[in-house]
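A.B. asks: Next come the chains, spelled out residue by residue.
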Amino acid sequence: MDILANLADGFASALSPINLLFAFLGVLIGTMVGVIPGIGPTTAIALLIPVSFSLDPVTGLILLCGIYYGAMYGGSITSILIRTPGEIGTVMSTIDGYEMTKRGRGGPALATAAIGSFVAGTLSTIMLMLMAPMLAAVSVAFGSNVYFLLLLLALIMLSNLTGGSRLKAGISTLFGMAVAMIGMDPQAGMPRMTLGVLELNSGIDFAIFAMALFAVPEALANLTRRHTEATPGIGKVKIFMSKEDWRRSTVPWFRGTFLGFFVGLLPGMGTLGSFFSYPMEKRLSRKHKAEFGKGAIEGVAGPEAANNAGVGGGLVPLFTLGIPGSPTLALLFFVFTMYGLQPGPQLMSEQSGLIWAIIASMYIGNVLLLVLNLPLVGVFVQLLKIPDAKLYAGVLAFVALGAYALGFDLFSMGTMFVFGLVGYGMQKYGFPLAPAVVGLVLAPMLESSLRRALQISAGDPATFIDGPLAITLTALIVLVIAAPLLLPLLRRSGVLARGLSSRRQVATSQLADPSADLHTPTGFGYTKEPQASGAAEQPTGQAAAVDDQSELQPASTGQGADDDATDRKADD
Amino acid sequence: MATENLGRNPADIIAGAVVGGVGVAYTIVALQTQQATSSASVIGPAVFPTLLGVLLALGGAAVAIGGWRLRPAEAKTEPAQSGGLRLWVTIAIFGAYVLAFIPVGYLLSTIAFLMGLATYFSPTKWKSNLIFAISFPLIVFVLFEYLLRVPLPQGLLAGVL
Chain X
0 MDILANLADG FASALSPINL LFAFLGVLIG TMVGVIPGIG PTTAIALLIP
50 VSFSLDPVTG LILLCGIYYG AMYGGSITSI LIRTPGEIGT VMSTIDGYEM
100 TKRGRGGPAL ATAAIGSFVA GTLSTIMLML MAPMLAAVSV AFGSNVYFLL
150 LLLALIMLSN LTGGSRLKAG ISTLFGMAVA MIGMDPQAGM PRMTLGVLEL
200 NSGIDFAIFA MALFAVPEAL ANLTRRHTEA TPGIGKVKIF MSKEDWRRST
250 VPWFRGTFLG FFVGLLPGMG TLGSFFSYPM EKRLSRKHKA EFGKGAIEGV
300 AGPEAANNAG VGGGLVPLFT LGIPGSPTLA LLFFVFTMYG LQPGPQLMSE
350 QSGLIWAIIA SMYIGNVLLL VLNLPLVGVF VQLLKIPDAK LYAGVLAFVA
400 LGAYALGFDL FSMGTMFVFG LVGYGMQKYG FPLAPAVVGL VLAPMLESSL
450 RRALQISAGD PATFIDGPLA ITLTALIVLV IAAPLLLPLL RRSGVLARGL
500 SSRRQVATSQ LADPSADLHT PTGFGYTKEP QASGAAEQPT GQAAAVDDQS
550 ELQPASTGQG ADDDATDRKA DD
Chain G
0 MATENLGRNP ADIIAGAVVG GVGVAYTIVA LQTQQATSSA SVIGPAVFPT
50 LLGVLLALGG AAVAIGGWRL RPAEAKTEPA QSGGLRLWVT IAIFGAYVLA
100 FIPVGYLLST IAFLMGLATY FSPTKWKSNL IFAISFPLIV FVLFEYLLRV
150 PLPQGLLAGV L
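Heads up: the sequence lines are chains X and G, in that order. Using numbering that gives the first Met the number 0, you'd call the opening residue of the first sequence number 0 and step up by one each time. Using numbering that gives the first Met the number 0, you'd call the opening residue of the second sequence number 0 and step up by one each time.
Note that these hints are calculated values from the structure, not bench results. Each residue gets a CB set at the ideal place from its N, CA and C atoms; glycine is no exception. Don't take every hint at face value.
[Stated by the list, open to error] One side only, chain X facing chain G, incomplete, derived with CB under 7 Å:
1. I170
2. M180
3. G182
4. T193
5. T223
6. L395
7. A396
8. R450
[Claimed, not checked] Taking lysine-lysine pairs in the DSS-like style, the calculated list, with each CA pair at most 25 Å apart, reads:
9. K124(G) <-> K384(X)
10. K384(X) <-> K101(X)
11. K126(G) <-> K384(X)
12. K101(X) <-> K293(X)
13. K286(X) <-> K242(X)
14. K101(X) <-> K242(X)
Make the full structure from the sequences, and use the hints.
C.D. replies: Right, dumping it as structure tokens:
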């Protein structure tokens with residue numbers, strides 16, 4: 000009953016006119032930004048963090064959560080209509096979604112995505128509501144050693160799963176962690192890695208770093224690409240689902256929701272539920288198996304629901320353990336700390352009003368998303384017609400403004416400029432960017448929990464194998480590090496039986512080595528490819544992962560894929 | 000002994016060398032970190048950064064060595080092509096904008112920046128470029144100044160606005 004009372008309070012707060020207005024604005028702006036090719040939820044939030052500065056915590060967080068859902072749906076729109084996913088979660092929707100568009104059924108595809116997102120958002124919020132307090136109660140008992148191991152596991156999983164080449168993803172994570180060390184050492188109370196520059200004593204602002212790394216390289220790459228025409232017109236989009244569409248979508252929505260939520264609970268898996276959902280829907284489909292890859296509505300309904308349910312799932316470890324499971328959640332984590340709130344076991348008890356207001360705002364956000372998106376999808380699509388030069392010049396101007404608003408000085412803007420160029424270089428040479436941002440967020444927590452753990456154990460490293468939970472986590476970490484190195488050896492020596500189905504291969508190849516940094520959209524390596532409805536452009540690393548044919552194949556055209564192949568060999 | 004089908008990967012060699020260099024430099028700076036006066040902590044302020052620096056240096060070396068090894072040519076990592084001159088001009092315009100932002104003021108510098116970039120990329124569409132370059136900063140200015148109450152630099156327009 001406590002939960003219901005808390006939720007009622009949460010609704011009372013979230014339904015106040017100002018919060019409702021900002022939830023609406025968040026969903027609207029998020030969708031608009033999410034529709035911009037190559038800009039996904041992470042970049043959208045990074046860009047708009049400065050806007051939330053002047054708001055109070057509840058309103059600011061409601062705005063950013065709205066942007067999150069909005070941008071996710073915006074990504075679905077571009078995935079389905081022009082086969083350009085803004086981030087990893089919607090890659091799967093490009094397969095059957097785009098096929099449906101080619102067959103004139105883009106409307107129902109968008110509708111099933113929107114309703115699926117609504118179902119998933121609502122149900123996963125309920126599950127979050129039920130699970131978070133329980134997990135928070137348990138996690139209070141975690142010692143520093145367990146906490147350190149959990150963080151380390153999350154960090155390794157994230158850099159393993161989000162990057163192109165594993166080695167380069169690792170370097171990118173280390174880079175982010177190295178940047179995090181700049182500034183005052185909280186424990187010793189003295190500056191380090193600042194080279195005597197006073198402005199660096201307060202460290203590199205996370206939001207500036209994230210904005211610079213996510214938005215600047217993307218804008219530069221898109222601006223300097225050879226062609227700067229607008230995306231070909233989509234025409235009018237009518238949303239209409241037939242009875243048959245409803246019947247075929249319903250079960251996949253629910254299946255996707257549960258799958259996505261539980262996958263989202265795992266640190267580092269973030270919104271990868273859609274990658275499991277698609278093959279599952281195909282396998283379970285009896286009547287329409289042959290339709291998959293040629294416009295099966297189940298292939299959109301399941302992954303879209305899974306993708307959105309992952310948000311609720313990912314919020315559970317964020318709220319209760321203070322561990323962000325994806326780069327986007329890492330940004331939200333930062334926003335919490337910006338408001339002086341520390342996500343973690345205490346947050347649920349100390350700031351329960353805020354947490355419940357956010358949870359209530361998720362219900363509201365999901366309703367708004369549905370109300371807004373179904374009728375307005377045609378308007379959002381018009382955004383695709385803005386020429387690249389104006390669109391990305393505007394993005395750069397907005398980044399500069401954001402950097403200014405974060406520090407009100409030239410130093411903040413200069414930091415943004417420098418890290419923007421570094422990010423461009425990193426992306427150009429195949430270093431994924433998302434792990435760097437995650438590294439920056441997690442490094443201080445990792446260091447302080449390591450220090451605390453060793454302090455308590457008087458320097459004895461045996462603390463990391465003290466107790467069943469610590470042993471399990473240490474074993475998992477060893478496994479996660481060793482498995483990618485050992486698997487190729489085992490496979491070569493014939494220990495592992497072959498005969499994985501091509502679909503399973505797809506899932507693993509996409510998970511273990513996505514062809515590009517899928518959380519951060521890449522603007523590089525665009526290729527023109529003739530398509531049925533005119534030549535639309537797409538980033539090779541992402542959309543090319545999805546073949547015109549029904550079967551998915553590991554992306555091999557993107558630069559990142561080549562890297563990966565190269566590094567895998569180097570690893571051998 | 001490079002044959003037609005085998006080649007080194009210069010991009011990875013360069014990238015690895017840069018990362019390795021950064022790692023070494025980072026380690027050197029980390030090692031110079033003053034040790035905490037109270038030696039109560041098991042792990043001092045220099046330990047974690049040093050570890051990161053060493054790992055970065057090793058990682059850079061691994062990338063460079065991977066790029067040095069001969070491998071089939073198709074596995075090469077070529078940095079994606081995106082126009083050289085266009086890139087440098089864009090970076091220069093962006094850099095100038097960052098420098099001018101505070102002294103010149105948000106409105107004027109942003110109008111000039113957007114007009115400059117839009118004209119550079121589509122010189123013929125000056126009318127739509129101009130409308131865009133003026134309307135975008137104006138809307139943002141009103142939003143920030145009046146709705147969000149975040150003051151933006153007025154620069155040359157101080158006193159006018």
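A.B. asks: Determine for every hint whether it applies to the structure shown.
C.D. replies: Results for each hint:
The closest approach between the C-beta of I170(X) and any C-beta of chain G is roughly 4 Å, which is under the 7 Å cut-off, so the hint is satisfied. This hint holds: M180(X) has a C-beta 4 Å from the nearest C-beta of chain G, less than the 7 Å allowed. Look at G182(X): its Cβ only gets to about 11 Å from chain G, farther than 7 Å, so that hint breaks. Contact between T193(X) and chain G, as hinted, is not supported at the beta carbon level, the nearest pair being about 9 Å apart and thus beyond 7 Å.
Because the beta carbon of T223(X) sits about 4 Å from the nearest beta carbon in chain G, less than 7 Å, this interface hint is met. With 7 Å as the threshold, the beta carbon of L395(X) comes within range of chain G, its nearest partner Cβ sitting at about 6 Å, so the hint holds. Given hint, A396(X) at the interface with chain G, holds; its Cβ is 5 Å from that chain's nearest Cβ, closer than 7 Å. This hint holds: R450(X) has a C-beta 5 Å from the nearest C-beta of chain G, less than the 7 Å allowed.
This hinted pair checks out: K124(G) and K384(X) have alpha carbons roughly 15 Å apart, not beyond 25 Å. Our distance criterion of 25 Å between C-alpha atoms is met by K384(X) and K101(X), whose separation comes to about 19 Å. At most 25 Å may separate the alpha-carbon atoms for a hinted pair to count; K126(G) and K384(X) meet this at roughly 17 Å. With a C-alpha separation of about 9 Å, the suggested pair K101(X) and K293(X) falls inside the 25 Å cut-off, and the hint holds.
Of the pairs offered as hints, the one joining K286(X) and K242(X) holds, with about 16 Å between alpha carbons and a cut-off of 25 Å not exceeded. Note on K101(X) and K242(X): the hinted pairing holds, with a Cα-Cα distance of about 21 Å set against a maximum of 25 Å.
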